Amino acid sequence: MAADFPSKPPLAVLERLQLIFKLLVIFPVFTAYNLAYMIPAAILRRMDLRYAVICGLVRSVFTLLEPSEVQALVPPTRTTYEQWIKAKARQPAYRDRVLLDVQPLSTGRDSAILWLGDRRRAQKVVLYIHGGGYVIPLLPGHLDLCWTSFVAAGAAAGVEVAVALLQYTLVPRGRMPTQLQQAVAAFDELRAQGFAPRDIVVGGESAGANLTMQFTAHLLRKHPRVPAVRLPHPLAAVVAVSPALGSDAHSRSLRENSSVDMITEPLLRRLAGGMLPEGEAETLEAVDNPWARPLDSDPAFWEGLGEVTAQMYFMVGDREILADQSRGMAAIVRKQAPDVTVRLDETSGQPHSGILLEANMGIVGESLRNMKAWYTGLISEK
Numbered sequence: 001m002a003a004d005f006p007s008k009p010p011l012a013v014l015e016r017l018q019l020i021f022k023l024l025v026i027f028p029v030f031t032a033y034n035l036a037y038m039i040p041a042a043i044l045r046r047m048d049l050r051y052a053v054i055c056g057l058v059r060s061v062f063t064l065l066e067p068s069e070v071q072a073l074v075p076p077t078r079t080t081y082e083q084w085i086k087a088k089a090r091q092p093a094y095r096d097r098v099l100l101d102v103q104p105l106s107t108g109r110d111s112a113i114l115w116l117g118d119r120r121r122a123q124k125v126v127l128y129i130h131g132g133g134y135v136i137p138l139l140p141g142h143l144d145l146c147w148t149s150f151v152a153a154g155a156a157a158g159v160e161v162a163v164a165l166l167q168y169t170l171v172p173r174g175r176m177p178t179q180l181q182q183a184v185a186a187f188d189e190l191r192a193q194g195f196a197p198r199d200i201v202v203g204g205e206s207a208g209a210n211l212t213m214q215f216t217a218h219l220l221r222k223h224p225r226v227p228a229v230r231l232p233h234p235l236a237a238v239v240a241v242s243p244a245l246g247s248d249a250h251s252r253s254l255r256e257n258s259s260v261d262m263i264t265e266p267l268l269r270r271l272a273g274g275m276l277p278e279g280e281a282e283t284l285e286a287v288d289n290p291w292a293r294p295l296d297s298d299p300a301f302w303e304g305l306g307e308v309t310a311q312m313y314f315m316v317g318d319r320e321i322l323a324d325q326s327r328g329m330a331a332i333v334r335k336q337a338p339d340v341t342v343r344l345d346e347t348s349g350q351p352h353s354g355i356l357l358e359a360n361m362g363i364v365g366e367s368l369r370n371m372k373a374w375y376t377g378l379i380s381e382k
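In terms of the UniProt record's numbering, the sequence shown opens at residue 1 and continues consecutively.
Think of the hints as simulated: they come from the structure by calculation, not from any bench.
Note that the structure is a prediction, hence the values are computed from the model and not measured.
Any given hint could be a false lead.
Said to hold, decoys possible - Calculated pairs, DSS-like style, for lysine-lysine (alpha carbon to alpha carbon, straight line, at most 30 Å):
{"id": "1", "residue 1": "Lys88", "residue 2": "Lys335"}
{"id": "2", "residue 1": "Lys335", "residue 2": "Lys372"}
{"id": "3", "residue 1": "Lys222", "residue 2": "Lys335"}
{"id": "4", "residue 1": "Lys372", "residue 2": "Lys86"}
Said to hold, decoys possible - Pairwise CB distance ranges (calculated):
{"id": "5", "residue 1": "Leu100", "residue 2": "Arg270", "range": "45 to 51 Å"}
{"id": "6", "residue 1": "Met361", "residue 2": "Arg45", "range": "17 to 23 Å"}
{"id": "7", "residue 1": "Pro104", "residue 2": "Arg270", "range": "39 to 45 Å"}
For each residue, glycine too, the CB sits at the ideal point set by N, CA and C.
The task is simple: from the sequences and hints, build the whole structure.
Written out as structure tokens, the structure is:
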């Protein structure tokens, strides 16, 4: 059933043997090398050693494994969702709002909305786009993140909230603008179900934050290969956690945090090469793509953003290489769209996607607390 979805591509016999060799021989050596300098660097930078170990492992995964190999090892998005729902449905704290609810999208290619919370009772909805470099499927931590930050936050505030998790086509089976087309289809479905833009938040972390910014840019200025979206009024908010927004290889945060973060500048270029359209990845700096790489484009592109969203919320860790990109994007929005309320939270001691690391480790740390508090304030506004 779920295991047969095309998001889990099969490996040929030789490919399986190569993967086994990588996992048994190359991966342990490379990871040990990473940790040998990342752990001391983390101690010097006062970063939680658990984060350092995870960053070392993730760096090894993205460096050594092909997307198809990663997807062969990790359960598909829908399998993870189904297993999470079944496990939580047995717990009293979740029972009333945990339903197995999958909505396939018209864009096909395994795209769907996976619902958290009861959409039939929901007053507010969050369209959430998970991260993972456009390579890794949905993880259990993404579901915990969305539950804690949005559904549970809404319940505590007396507001019914549902989260529409976008299942999108992963690389290499889908390149830009495939995922943007699927995000638009999901948003159109929310509108068809009666949710007004003022009751919708669109957000994500890492690659999901990049796709969130693509979607926001598309609302403002249509992408030539994606259907237009018309808004009668602005969205409630846009949320971008640890987004990659440009190709700058010389930022201060990149120089200072490359020794401790899970991603590096070469890895960013490799991941971009898999996601961007054919031919564009080879000339990153030469091609203007304000949807995927807004920091490489004219800031004036973002004039009029207040017609698209009332608020923008950026979150980064101060130990991640992309921190300066969110700082730069927040500054652009403040200058080009002064009518948009902009918030930038910098979490102390956290690397890339710290909020997901918290959720995966089962802790409610600074990032999850900040997200929950921000969203509670948003839905409590009169």
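Mind listing which of the numbered hints don't hold for this structure, in increasing order? When the structure is compared with the hints, numbers 1, 5 and 7 turn out to be violated.
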